[in-house]
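Numbering that gives the first Met the number 0 puts the first residue of the sequence shown at 0, with every later residue one more than the last.
Label-pair distances were calculated between CB atoms; the ranges are:
hint, residue 1, residue 2, range
1, 90, 149, 28 to 34 Å
2, 89, 145, 35 to 41 Å
3, 125, 2, 42 to 48 Å
4, 90, 2, 44 to 50 Å
5, 125, 94, 38 to 44 Å
Don't read these hints as lab results, they were simulated from the structure. All values derive from a computational prediction rather than experimental measurement. Even glycine gets a Cβ: it sits at the ideal position worked out from N, Cα and C.
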Amino acid sequence: MATAPPPLDAVELGAYFALIEVAGLLRHAVEQQLREETDISYVQFQLLARLGLDSPTGSERMTDLADGVVYSRSGLTYQAGLLEKAELVTRGQSADDERGVTVSITDAGRAVVSRALPGHVEVIRDLLLQPLSRTQVEQLYAVLEPAREHMRAAPPRSARARRGGRSSPAAAS
0 MATAPPPLDA VELGAYFALI EVAGLLRHAV EQQLREETDI SYVQFQLLAR
50 LGLDSPTGSE RMTDLADGVV YSRSGLTYQA GLLEKAELVT RGQSADDERG
100 VTVSITDAGR AVVSRALPGH VEVIRDLLLQ PLSRTQVEQL YAVLEPAREH
150 MRAAPPRSAR ARRGGRSSPA AAS
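Just need the whole structure built from these sequences, with the hints factored in.
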């Protein structure tokens, strides 16, 4: 029988709860700002920003997007459908995999990202960065980056291979 891990000490527990609360409060404020200024959700902004700011081509495979924003494949399919209906993205067959679906940002999608960014940056600065010194921001990054890399080493559920080691056609969408 496996032995239970030791409980978290007060500092570990405090760090965990502080991180979770800060992330929750920040996400709530960002979500509110995005809804007020652009009428898109946080996840939709993540998708548009990833396509419009991080992707040199403005396109990505759905499975890569799901992994990048840590969102389920089915949830991403739904969100991409909403964004496509609003003409902020287009979806099409992947050039390198006939089972895959590629999402591309439109000019209207880029305009939404541009409209959202100033308020987004303001919320992040006001709530997260303003109370910290530059040194503390650098320390925060230094602390969180290895944790993020450690978590990314085990792929999110959306990126795991399906039964039999292959992705099903539905999983590629």
